[in-house]
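Enquirer: Going down the list, the protein sequences come from chains A and B. Per my numbering, the first sequence runs over residues 5 to 121. Per my numbering, the second sequence runs over residues 7 to 396.
Hints listed in this document are in silico derivations from the structure and should not be mistaken for laboratory results. Keep in mind that the hints are not guaranteed to be accurate.
Which residues of chain A face chain B? A few of them, derived with a C-beta cut under 10 Å, are [to be verified]:
no. : residue
1   : ALA51
2   : ALA52
3   : HIS61
4   : PRO100
From the three backbone atoms N, C-alpha and C, an ideal C-beta is built for every residue, glycine too.
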Amino acid sequence: MNRCTVTTGFFVLGRCGQAAVAACPQCGRPVCAAHAGPNALCPECAAAQGYRTQDPHHPGWTHGYRRDYYRGSSQTYNDGYWYSSFDEYDRGAFNPGDDYSHGGDWGPDDDTGFVDS
Amino acid sequence: MSHGPLRHRAAYVAFDRFPSSKGSAVHIAQMADELFTRFGGGLLAAIGGGDLPRYQREGTREVARFDASIPNLIDRAEAFSGWVAAHLRPHWETLEVCHVRDPWSALPAVADGRRHTVVYEVNGLPSIEMSHTWPWAAPATLGKIRELERFCLERSDAVVVPSRVIGEAVRGLGVPEGRIHLVPNGADVGDRPERPAGAPERYLVYVGALQPWQGLDVLMRAFARLADLPGLRLVVCASVPERRAKPVRRLAERLGVAGRVDWRFALPHHEVAAWLAHAEVSVAPLTGCARNLDQGCAPLKVIESMAAGVPVVASDLPAVRELMADGRHGRLVPADRPAELARAVRILLEYPEEAAAMGRRGRAHIEESLTWARSRARLAEVYRTLTRGR
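With the rest of the complex left out, here is chain A (with noise of 0.2 Å):
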């Protein structure tokens, strides 16, 4: 029998582990009877409808791209200065470096967290 893969909980992570009774027909996934959305979509993939894509080669992307073109951005973050001020010596200083740089040896494994306690 399939088993619900929907990851569960907030702090501690975990799986759903119900009997599964749909497929989501989006990433196909197992989904239970609980966390099947409107047309079988899991939690996750029904989250990110919510959300514009941040991948510029999915057909979606050009839709949400032109509708806030011209809804304009006076309304939202619109960061003209902070960022673009900088420049590549700036960011030159923060490229992963090897072991003696220290916080500067990252992988896909890191936090990009710099505040720590």
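Chain A is fixed; fit chain B onto it per the hints.
Expert: Leaving out everything else, chain B in the frame of chain A:
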């Protein structure tokens, strides 16, 4: 369970992986949980990657994770800010409170035309901290980051700090006193956990990350001075991946203590609690650098060690003095002095009854004044003040 797109009244944004085994993740979990409890759910936008799903939905709560692999930190921060903006946009009309943890999260939240209030939680100031983690960053570059911080702080409605020292640093950046709120870190005092499997008979414990300001080098040098104590081991519960430990391990080898040090990496929070509870002494050897002194810190390891009932030997820094008292909950020793650190540990080991009493007093101190419940009540009060009359 709601299935359509959710419209949130609250958002919590952090340029930090969540969940993770670092102290910051414990803090995020507590603060975000309080925010979402007050506002009937909300959006948590954080860093993901690895096995973490890009989106998660639990009832009225959503977690969105940024997982683009962009090696350069500023490029990554820039992409993150854009991603945050895109994730706040669907909620722009309904959002009442946006709680942020850093300038990269704050920048899109403090944009013009917002209706929501912004709570900026300052656990550290990148303009100070990054000079330690990125020694090649030019002062001019850090100056630009300071201006960015200042801009975001100025436009925030409230600034939450976990220690008075950080509050002072924020005031130094021009934030008026009335907008700064102290919400200390906390810990939960629970039952004594089981002894961890494979735990040595007698051990000192260090818990936390391995950045240079944590003072692991000082601890290793101090531990080398305790070589005459038979069977005493040092357990390092590092909150970061193993390869980050290379420099400290090399130092341990050079000092001849590597054979007496046990390493544990990225343990889940409850396992760390067990290692703390059965240690003789917990050590927090924070160095006396600008990051710890000027910026300030609120070391969760000190609070969690006290909650576990373990005497603490920590560096005598103003931020640590806010949390524990010398001679009462453990010992405070001058920072960056391995000999002093070793001596304080040795005395505690020689007087186990007094050490145990310190552990008990530490635990009582947390129960009385530094629980997460208290911190969360203070945070709730900040939200209440801000949203009153809206």
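Enquirer: Does each hint hold? Answer for all of them.
Expert: Comparing the hints with the structure gives:
no.	hint	verdict
1	ALA51	holds, 4 Å
2	ALA52	holds, 5 Å
3	HIS61	violated, 14 Å
4	PRO100	holds, 5 Å
Violation of the numbered hints given earlier is confined to hint 3; every other hint is satisfied by the structure.
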